[in-house]
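S.K.: Chains A and B supply the protein sequences, listed in that same order.
So the first sequence is numbered by the working numbering: it starts at 1 and just counts up by one.
So the second sequence is numbered by the working numbering: it starts at 1 and just counts up by one.
Keep in mind that the hints are not guaranteed to be accurate.
Since copy identity is lost for identical chains, a pair holds within one copy or between any two.
DSBU-like, lysine-lysine: derived pairs with alpha carbons at most 35 Å apart [claimed, not checked]: (1) Lys374 x Lys216; (2) Lys448 x Lys173; (3) Lys213 x Lys226; (4) Lys464 x Lys124; (5) Lys173 x Lys464; (6) Lys374 x Lys498; (7) Lys228 x Lys320; (8) Lys179 x Lys213; (9) Lys374 x Lys213; (10) Lys179 x Lys124; (11) Lys374 x Lys284.
FYI, nobody ran anything at the bench for these hints, they're computed from the structure.
Now for the letters of each chain:
Protein chains: 2
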Amino acid sequence: MNGAEALVSSLIQARVDVCFTNPGTSEMHVVAALDRITGMRCVLGLFEGVVSGAADGYARMTGRPACTLLHLGPGLANGLANFHNAYRAQVPIVSIVGQHALTHLHHDAPLTADIEGLARPYSKWLRTSRTASEVGRDAIEAQIASQTAPHGIATLIVPADVAWTEAGDAVAKAVSVPKPPMPSSKALERAARMLRSGVPTVLLMAGSGLYGKGLKAAGTIAGATKAKLLAPYPITRLERGAGLPPVERMPYILDQAVALLAGFPQIILAGARIPVSYFAYPGKNPVPVPAGCEIHCLATEAEDCAGALEALASLLSAEKSEPSTEPQNIPAVPSGGDLTTVNAAQAIGALLPENAIVVDESMTSGRSLMPATKGCSPHDYLTNTGGSIGIAMPLAVGAAVASPDRRLLCLSADGSGMYTMQGLWTMARESLKVTTIVFANREYAVLKREFSGLGVGNPGDRAKNMFEIGRPDIDWVSLAQGMGVPATRATSVDVFVKALQQGLETDGPTLIEIPL
Amino acid sequence: MNGAEALVSSLIQARVDVCFTNPGTSEMHVVAALDRITGMRCVLGLFEGVVSGAADGYARMTGRPACTLLHLGPGLANGLANFHNAYRAQVPIVSIVGQHALTHLHHDAPLTADIEGLARPYSKWLRTSRTASEVGRDAIEAQIASQTAPHGIATLIVPADVAWTEAGDAVAKAVSVPKPPMPSSKALERAARMLRSGVPTVLLMAGSGLYGKGLKAAGTIAGATKAKLLAPYPITRLERGAGLPPVERMPYILDQAVALLAGFPQIILAGARIPVSYFAYPGKNPVPVPAGCEIHCLATEAEDCAGALEALASLLSAEKSEPSTEPQNIPAVPSGGDLTTVNAAQAIGALLPENAIVVDESMTSGRSLMPATKGCSPHDYLTNTGGSIGIAMPLAVGAAVASPDRRLLCLSADGSGMYTMQGLWTMARESLKVTTIVFANREYAVLKREFSGLGVGNPGDRAKNMFEIGRPDIDWVSLAQGMGVPATRATSVDVFVKALQQGLETDGPTLIEIPL
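Work out the full structure, taking the sequences as your base and the hints as a guide.
M.R.: And the structure:
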């Protein structure tokens, strides 16, 4: 057994059994180990941004890390933007990065780079394996680090000679993942007092507060106390739909966030941070919290958020009240007329299948989506968490690999989609049940809005050239077909409804372009 | 005048007048300045790998830096892989990266990242501007640093509030770029002695030794001394073709490099490093230099390589001999039959127009290209310099922007092409005269070869799944058309010849897919 085999066997033993990858020569011994040892599903991405984003999607749906296997500094570099998003999503990932043989490094060959330096900004744990006998143990430490709250990316750099050297029987045993600690009773009691006070209170949740038992507890708390349930604008995973607790998403636009929070003198944070706008604007306070608002942290990101919500519900005897739930409200299937972002959202709400997973990076074109889908069949809702565009298709790949029995709806803006469209190819190769909708407004609409919002006037020709991505228009039907994904361009409601229905029944990926 | 305007005006004054970009909200004041101030050509890439690779291509052809303007940590991250190549190419680039307002950083908003950490591995100069009154001077320092030998990437991080704050009249004056120093007379004399000795000698050149007056001097030295002229496998820019000094490229494969150098007891390095294989192989010496070989460094990367070659030629009175030149040898235009990598290379050699620029990332499919083109019309030849795949289309974009009167031939492997195919869109938008040829062998052929070469046997199904990029086959004609580039699939010699002829006459980009 060589180091590569010890690495792969150790990971499989620890249930890290999916590998999203784009390997290179320095990873060949790891590839050979993956080839020989049964138990790791390998999924190829034709660009590393697909690989890192897919690992994010997988982790969001399973709570467990996939591993990624990337080629030296440049391979890691290409994966970093979606690792930025994964870092912000606080999901567990074991990022394995190949390195030159340790004996080769001093030659400074063309692919040599400061891999640790590149990995550090997004790694909660970072190590270069030094010997074949230790690489298995390193892998287990990486896996445990990734799954210790707050979850994150553990980067293990594996030199080629560590991989190829005889390791003896150096498979490391899996160890149990530490449970996140509960918050103090003081923190729980303060939250209970605030909620009992009758003062309008926001319960702003993230992490495990937004699905499963954490969300259920939040629903009982809201039912008992009239607390307003909110999620941050960036959402790692939110369960929503008819019968589930209604959680409103913070708006992206600062003024709207200020307006939403204006009536609440109390905010309780459960796994969430104090809200702040994505960007600074001259002369504006980026924190949309009203003056004098009492902010209390019930559970930090490092604590058991779902457990805290359950304990809080229990302290409040909230189970005696009717839980707060979203009423069923499935829009009618629209028909006739031109397709708009509004009736497209209505059609999605009407047709979204039970237990679907919605990946939403539709940006400005998707404003109607959350209202149109809030009362429809229960589903999971995943968004861009770090603001690094180009996550939708990769995230859908990973979520689909994690959830083979569920339908994926992947909503992408055209500007974002162009970043990592290679994800479509992986959907086709793996026959993933993903229906991708590209909203093609042919501009970076956010930037146009921000340009004016920043008080620099209206964009002139040179600025417009940086915001408008038509000239030439991008033909998403051709792009998708070029990567093996059947595609349709929908300009009318009826064409869209039919394409969406067909897509949701197809045993593999499809794409619908909506020219706006 | 605000900081952004001081920045842009200072750069323009220093002849940094092309900006490859994909900006975001934090860069809006810089965009507004680019909009208002005349003199900077802005070229949009729909993915940052296009932006960074284009800046590389521009610098290779002009010797001057373009600037890049990228959005925060993630935008920079997406550009890093081609910055890796640019770093290895030792080309000057002024990399401007937006940053949150300094007042916004402590909020740790979703897009916050350690930008300096991400930039450091590839930056020879790195600074975050602190005030609006200093950002212009910072830009000039960055430009000078990028153009001080060895050239490199100077990264200037510009916080949004530095950009939007009043700067007074803070345009910084251009200063002259320092000339690289000449090597010592001792170094020159030792090289002259070695060449006069009659011992077979290699002159291994890089940087300014491979074009212009440096190359011309090398040709006279070779004519006078029979020195063998070599270039490293990674080539930033090589002038070649009929009438120019014949420079052979080091082979990628280690055993072939060993064989090439075996007959040479002396190697003189002019701007080049001691050759080393890209990767380590168990039990093999990665340095292909024969035992006992005398290696002398005539000029380091920080010295004036072209000047050193001219001085050496003069020391040797080489101008009295006939310079070594490549005889004209233009292949006949092939006709009839199936298209192969061999007759495709022959057609390229036959049809390559005078003064073309050839960008070559054709990988294993391009083995016949250099022999078939060495005696054809003089041209510049640019390759991947850092081993990070996905440089061809971006490099062609930048070289074409730098050289509007020249024809570009962009040769890409399919695996490499999938990394940054968004470059095709920029070619279409800017009507660049680039004919792209994609060699579609539907596999990472290098990896298949390396897998076996590393002694791990033949790849099984799982390994093959990581090397073979068919299933589904990628349709490059659809991809290109989807981004506004007219495209043809050539399966016969005649179709290829016709498509190539047409492409080379089109006033804009075209693409030819060669399925292999």
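S.K.: Okay, which hints does this one fail, numbers in order?
M.R.: The structure breaks none of the hints.
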